[in-house]
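K.L.:
For reference, the chains in residue letters:
Protein chains: 2
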Amino acid sequence: MTRLFRMAAITLLFSVSSLGVAAENYTLRLAQTWGPNSPILGETTENMAKMAEEMSGGRLKIRIDSSNKHKAPFGIFDLVRNGQYDMGHTASYYYKGTIPNAMYFTTIPFGLIAPEMYAWFYHDEGMELMQKVYEPFGLLSFPGGNTGNQMGGWFNKEINSVADLKGLKMRTPGFAGEVMSELGVAVTNLPPGELYTALERGTVDAVEWVGPALDFPMGFHQIAKYYYSGWQEPGAEVQFLINEKAWNKLPADLQAILRVAMRTAAYDMYIQTTHESGVAWSRMKEDYPQVTHKTFPPEVIDAMREATRKLLAEAAEKDELAKEIINSQHDYLKQVRQWTNISDKAYLNSIATD
Amino acid sequence: MTRLFRMAAITLLFSVSSLGVAAENYTLRLAQTWGPNSPILGETTENMAKMAEEMSGGRLKIRIDSSNKHKAPFGIFDLVRNGQYDMGHTASYYYKGTIPNAMYFTTIPFGLIAPEMYAWFYHDEGMELMQKVYEPFGLLSFPGGNTGNQMGGWFNKEINSVADLKGLKMRTPGFAGEVMSELGVAVTNLPPGELYTALERGTVDAVEWVGPALDFPMGFHQIAKYYYSGWQEPGAEVQFLINEKAWNKLPADLQAILRVAMRTAAYDMYIQTTHESGVAWSRMKEDYPQVTHKTFPPEVIDAMREATRKLLAEAAEKDELAKEIINSQHDYLKQVRQWTNISDKAYLNSIATD
Chain A
46 MTRLFRMAAI TLLFSVSSLG VAAENYTLRL AQTWGPNSPI LGETTENMAK MAEEMSGGRL
106 KIRIDSSNKH KAPFGIFDLV RNGQYDMGHT ASYYYKGTIP NAMYFTTIPF GLIAPEMYAW
166 FYHDEGMELM QKVYEPFGLL SFPGGNTGNQ MGGWFNKEIN SVADLKGLKM RTPGFAGEVM
226 SELGVAVTNL PPGELYTALE RGTVDAVEWV GPALDFPMGF HQIAKYYYSG WQEPGAEVQF
286 LINEKAWNKL PADLQAILRV AMRTAAYDMY IQTTHESGVA WSRMKEDYPQ VTHKTFPPEV
346 IDAMREATRK LLAEAAEKDE LAKEIINSQH DYLKQVRQWT NISDKAYLNS IATD
Chain B
46 MTRLFRMAAI TLLFSVSSLG VAAENYTLRL AQTWGPNSPI LGETTENMAK MAEEMSGGRL
106 KIRIDSSNKH KAPFGIFDLV RNGQYDMGHT ASYYYKGTIP NAMYFTTIPF GLIAPEMYAW
166 FYHDEGMELM QKVYEPFGLL SFPGGNTGNQ MGGWFNKEIN SVADLKGLKM RTPGFAGEVM
226 SELGVAVTNL PPGELYTALE RGTVDAVEWV GPALDFPMGF HQIAKYYYSG WQEPGAEVQF
286 LINEKAWNKL PADLQAILRV AMRTAAYDMY IQTTHESGVA WSRMKEDYPQ VTHKTFPPEV
346 IDAMREATRK LLAEAAEKDE LAKEIINSQH DYLKQVRQWT NISDKAYLNS IATD
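Chains as they are written, first to last, in this note's numbering: chain A, 46 to 399; chain B, 46 to 399.
It is worth saying that the hints were derived from the structure and are not from the lab.
It cannot be assumed that every hint is accurate.
Since the list gives no way to pick one copy over another, a pair counts as held whenever it fits inside one copy or between any two copies.
[What the hints assert, rightly or not] The calculated DSSO-like cross-link candidates involving lysine-lysine, where the alpha carbons are at most 27 Å apart (straight line), are:
| # | residue 1 | residue 2 |
| --- | --- | --- |
| 1 | Lys177 | Lys211 |
| 2 | Lys379 | Lys330 |
| 3 | Lys379 | Lys270 |
| 4 | Lys95 | Lys294 |
| 5 | Lys214 | Lys363 |
| 6 | Lys368 | Lys339 |
| 7 | Lys177 | Lys270 |
| 8 | Lys106 | Lys95 |
| 9 | Lys363 | Lys379 |
| 10 | Lys95 | Lys290 |
| 11 | Lys106 | Lys368 |
| 12 | Lys211 | Lys368 |
| 13 | Lys116 | Lys368 |
| 14 | Lys106 | Lys294 |
| 15 | Lys214 | Lys339 |
| 16 | Lys95 | Lys114 |
| 17 | Lys368 | Lys202 |
Isolated chain A (complex conformation):
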């Protein structure tokens, strides 16, 4: 009996040491900005949670609460900071009221496109600067998925000059809204549920939402004629937030699993948006042939760029860290865009497929 007991004890020790990890299970609670069954964005957290659970053999579970549960779609930052949730999935620029510098980690007008943005995060100063912003709040922030290049919006009249923007009633939130205000647009920020009716009834003349994949379910293509290419969110990256204390409780292997699951889910979201935008845009054109794609004329683009530069310069002057982030993105764009121009841009321009 003693011999058998020793054998069992030895087997037990061997089993634990060959694993190198304690056999404890962990459940992290995640609050997301999005509602239940939210396409693409909600699928991203599900994808992440599924990968984490499968890779950990069930030891790491993520329990996802949507906005109908926690009732604070734009309060994820606080929920995670206060430890009411261990994690969040949201967008950094929603919190620019509390932390103005949070904005730059989502996207800025005339900024980086998706692969350039990831390159800035992972190979230049992006991750380091983002951590500088979130560390004082006891939070870790990671890229959480890219929406791709967002569209400039649905318009009921053509925009041929800056004068056409004056007095235009448009739904466009955030920094883009500030830029549009500078150009004389009457900016409003209606809740999503009211947008279709407002555009149909002429309460607003234009609506900016995301891009074909997420615009399609909103139905704007049924009532607006012009779909303008974007300038304001060239590669919007949403965000995973983690409470630092919750993170530190995880053993090293589960931290690695969580880090990689978030990274992969983020990339996957960019690819899913690419796919679903293609599908939705081709359906829009087929079902509503009157929908016309337009680009803003150079005069309008130049005015938007000038207003963007002015607002960024003001932000940089007010805050040392804002200046550091703005300059870092600016310098990085200057370098990487030269490559984008001679590769994808030159290639896409060399073949007519319109």
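Once you've looked at the hints, dock chain B against the given chain A.
P.N.:
Using the frame of chain A, we list chain B on its own:
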């Protein structure tokens, strides 16, 4: 004693069942096409192996052998098929001699760019068709990293017409080489080590390699004047190959870890190439200001497209599966490119940064 023994036995059972996995360690042997310390490509397998080891708490190790060890850089397919290695990292189009249909899973002239290619793999028919090609050989194939849009090559004279291509001596391998042959180019495939000297001495007039990140160490910018944008490999995806028997021996959690580690390492390679191409291209222009970026004129592009179409039509006629793959990519490109055109292409064209 009996009671203690029982307790130990119960603890042991509990420990194993709460893990849901056996505590066995696995080492997979990977053969890669690339030599030791190969930038980007070699870093991709190291990145993958590191993620797998960390996420598994050391239970899954990947031992990487470079070409100096296994001596078969273009024989990875056989090494993995025969079970001499469990895994490989290589490019599908290297094996078009043995399996002509392998080619389409890397890239084709005038085909998909990187995000479009991933969307085809993961959201359209790409993965399924690739598996159809590799299954008869007892292999699993996964995307292994994207080089981004490759450049058209280094030229010592300007190409202003199709006539300028006639008799031109150029190093350009694979399908692009066949297209160039159709246009009268004298195609040669010199080994990498001889390219610089051949271009310098005029043994060849032009050399196509990859793009700035991998061209920089080759030094072509020091001796060639014109750097042409590409048409032939718009989003080349390299490949992880796995022997099916080796895969089936892994428990479910390690299969999940390996699958996600490969997927992430592939995306990471695309982002690393984006970054390093930007860095290398800006250094080339700074150090050698005579280097001039060019695009092939429409007449030349049209001739290349026509030759590409002809060769693809011939391949489709010969083989039913080839036809299925070619049509699938063609249809997918037609849809997704409409989106790329109104998003990234329109955006990049709206702002002058050259």
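K.L.:
Please flag the earlier hints that this structure goes against, numbers listed from lowest up.
P.N.:
1, 5, 6, 7, 11, 12, 13 and 17
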